[in-house]
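Protein chains in written order, with my numbering: chain Y, 1 to 324; chain C, 1 to 658; chain B, 1 to 138.
No incorrect hints appear here.
A partial selection of chain Y residues facing chain C, derived with a Cβ cut-off under 8 Å:
#1 Leu9
#2 His10
#3 Ser180
#4 Gly185
#5 Asp186
#6 Glu188
#7 Tyr189
#8 Asp206
#9 Asn208
#10 Glu209
#11 Thr211
#12 Ser238
#13 Ala241
Just so you have them, the derived chain Y footprint on chain C, three or more residues with Cβ under 8 Å:
#14 337-343
#15 394-401
#16 456-470
It should be emphasised that the hints constitute simulated quantities derived from the structure, not laboratory data.
All C-beta atoms, glycine included, are put in the ideal place defined by N, C-alpha and C.
These are the residues of each chain, in order.
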Amino acid sequence: MKQTRVPILHGDKEIPLDNYYFFRSCIMSTLFPGVDCSLRFIFEKLGCSYTEDPKQTCCSGFNYHADIIPWETNVTIQARNFSLIENEEKNKNAICVCPTSYGNIKECQEHLDHYPEEKEKANKIIAKFGKEYKGEAKIYHATEVIYAHREKLKKLATYSLDGLKVATHHGCHYTKIFYSDVATGDWEYPIVLDKIVENFGGEGLDYNEKTLCCGMGFRHTLINRDYTRTVMLRKLKSMKATKPDLLLVQCPGCSLNLDYYQKPLTKLAGEEFNIPVLNYAQLTALVLGADPVKVVGIKTHNVDVMPFIEKVQKNKVKEVAQVG
Amino acid sequence: MGDKVGVFICHCGGNISKYINMEELTKYALTLENVPVAENYIFMCSEAGQDLIKDKIAEYNLDRVVVASCSPKFHEPTFRRTLQETGLNPYYLAMANIREHCSFPHSDEPDKALQKAKDLVRGAVARAKTLEPIEKKKQIMNKDVLVVGAGIAGIQASLDLADAGFKVYLVEKDASIGGNMPKVLKTFPTDDCAMCTVSPKMNEVAAHKNIEILSYAELRECNGSMGNFEVVVEKKARLVDERKCVGCGDCMAKCPSKTADDYNQIGQRKAIYIPFPNALPKVATIDTSVCLQITKGKCGVCKKICPADAVDYEQKSQMVKLNVGAIIVATGYKEYDPSIKGNYGYGRYPNIITQMQLARMMDPNGPTEGKIIRPSDNKEPKRIVMVQCMGSRDDKPTGRKYCSRVCCMIALKHANLLKRDCIKDSQIDICYMDIRAFGKGYEEYYQRVQDLGVRLTRGRPGEIIGTDDGSNNLIVRVEDTFTKEFKEIESEMVVLSCATDPSDGTKEVAKVLGIATDDGGFIKEFHPKLRPVDTSVEGIFVAGAAQGPKDIPDAVAQASGAAARTMALLSSDIAEISLDKALVNKEECKGCDICEKTCPFDAITMVDLPEGRKAVVSEALCHGCGMCAANCPTGAMQLRHYKDNQVLAEVGALIGSH
Amino acid sequence: MSDFEPKIITFCCNYCSYVAADTAGTRKEHYPANVELLRLPCSGKVDILYILEAFNKGVDGVLVTGCRKEQCHFMEGNYKAEAKVMFLKDILDEIGFGGNRLHVQFMSAGEPDEFVRAVTDMTARIKELGPNPVENKK
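Please build the complete structure, drawing on both the sequences and the hints.
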């Protein structure tokens, strides 16, 4: 199987270049279906084999981090998901769209692998419907995969991000849980999204509150709205000071917060933000020439992304072959 | 083969006898084959205990001895000496560790402890019978010393040795000797001028008839062993003739090429440079990575301008071979690079600097001529925050687990100097985890700094970010763990108190010399309490911050200690090397060269002899690990004192009756 | 089966595990008394011959202990020990003796807890496996 190595804090880690198991995300697939379409579009352009499994369930990470379901349930759900991945003939590399899925299923995997008795317990439950977790699933985040394919993607690009300033925001569950495993740079100051932007010729902005939380905070967003909105406001204000053309995010939770709540926050802030928000997969698909509506799915976004797309479309590097 | 083994069992004043039945054990020992005598005694390591062993050796004409007592780590040397005094070879001793490995851990099960003690004694007796004598090889002791690193520790050690009449080669990697001490401006807790303290010492070293300085030179190779090391030092090409250059500095004034100043760590220096005014030797050095003559092949200004005709672009580096009896490693430390911690913003925000950079700013002879200015706009900052434990006491992969010891006092010293001399109306905050003011006069200094109005916040900052107003000010986010309050301290400049890392030279020298390092990469001392200046290799000593973070008084004290240990070693005319090393049985050696590939120290070479290709072990290079013997397919290679028959005898006997 | 007391031999490196065992003793930490320790200058000195001889003599389990990775006094002895143990484990499995009667564990001199844990775990493991099959047939 083809692989490449990407730098992590101490050394590097292997990222497979083919055979993906598309591990979808609950929020992403429902609120921003364009992300799934964009990833399909990218994988097809790259000629990668991938599986979209209708049997895969939500990782339940939101519930776990919001203290709604017990840990054992979470682990057992993952044991089932892993058994599906292992049953794949060749597409055994789980590619998480969402940082919370990544952090959560990786944590579950470590737990199952570290405590054989827990693994046995989970396996006993999933055996009731004929499943078994053996311990072979490999887990990656989709941003790492896009970063690993950067050279080929640059060659495939229809547009460039030349002259465009992009503020990035990384997902906490990607950077802070398995902090030694973060591709490129330091987990306290992750830069993998900036690397993706730079690869397409854009500029990743260094704004003051770059590492501040998006404001979601899982259970906080459920029980302490004022607090989460204050954090979000601080984040957006700091970002706006650097006049970004786009906010690039990694995580569905961040997309939801920073996109959906920009307008409601206008009143509290006393100013308009109007920063269009895209996910790494959407931006990559866009640069590769995907249809903004049919593939990138910008109609489900709250802040209008069209102004940004128009700017991108001025930077044509080669003839567009529209793919619907 | 030994056929008269004496067994001597120690009570250890109750530590052993309280849990193990001594009489039973003694009786058991007597049932073993070839054991004519077994005795127990309250303290076998005492003089009376040793006399008992000696008497019995004489009385029974013993040829091997087993001592069942504490760990051989404590008293193996003692009992070896006892044997030697009776004329027996010291390697005829086998020990059974019935204290640490038996009476202590199994104090809850006396029956099982007794059974295990019997096993251990049986194993030791079986091993003793197979032991062979090992002699010591004698060599003439070379009395010269190599000191690597000419910081304050290296300088002190060199002076001590040279004053005692030993010839010292002092090797320094940088263009000038002096190390880090000249950079720090003042020293705590007396606020003495650092340069005024170290500069006379530097001159003394240069003038001493017994010291030869090799500056701008690096250690490349080391062979041999205690008493007779052969080292190779590379004297790098300065492209300036040291004998001709008078240090006038005319070349520096005219040189058109600039680069970052690695001495001051702020500002720039020329491609041809003398690192600081009191440099020693005070000669210019050309930085070949930026010199236009070297990189582009055109310029030659310095050569034209030099009144002494000292510039020589064709100069080549030289390999110098030295023979010495002992080596002192004093390769020092460097400041931790804080830019690897992204949340502290060093390298991204111009107004975040390190304590060393602040010290260089305060120096009237430094790059800012003593003015404290923030790099973004050259204005004097009035609000300064110092962040302690930058990289220290941090178990994350980017941090260092250890305490760097000196940073608390450095921050207090700088806060004191800022408030008293530099910016009297400044507001200084120090964010700390614990203030560790442990040295003589340090706590008093800490109290005085608090009286000056320096604010101390207990808490490790989570991040440092810029402000959005374009002022280039900074916000330090910290939780005050006394009041449990989240604070945002706005400041005009932030100073990071960085951890102490081993210098690059420390890591390189450790590799060349083959001495052990600890988790942090510092040189490991042989024993943290009892042999704090010895390294894992006999005849190589360590001094100063190369061994671990330390302040100047400790570094100097340790340097004198290392010098004294070196003198003790060199006071003998003969270097004795124990031959408990690998040995080849030439008849069985088939010349397969597996051992040669296995040896981590290149101590084995394959030689074509008339009888065929055979392995030959260099006794000087062999460390006695036995890996070659473990891999030898024919059994020709054996490690003396751990020969296969010796280990197998112990294995068999330990399992014995079960 | 419950009163089966396995006999275990532990090969110790002079620089790490032997010292760790000493410290465990000094701290009066208890561990099973059926564990015998044998000192070697380095875990790299462990010869496959020693392990096989121990099994042949009827020992129920062999534990090889060495320094943590990158901490070997002799640079790479611990790696060599690990390679040897892994190699021998496969062979023991193949001949039906059971590779899990042999185990390698790394620790530093400052980790007495690790030593206690290693020998306690080893004892539990061997108790489950039962006595040395060769010994039983003798």
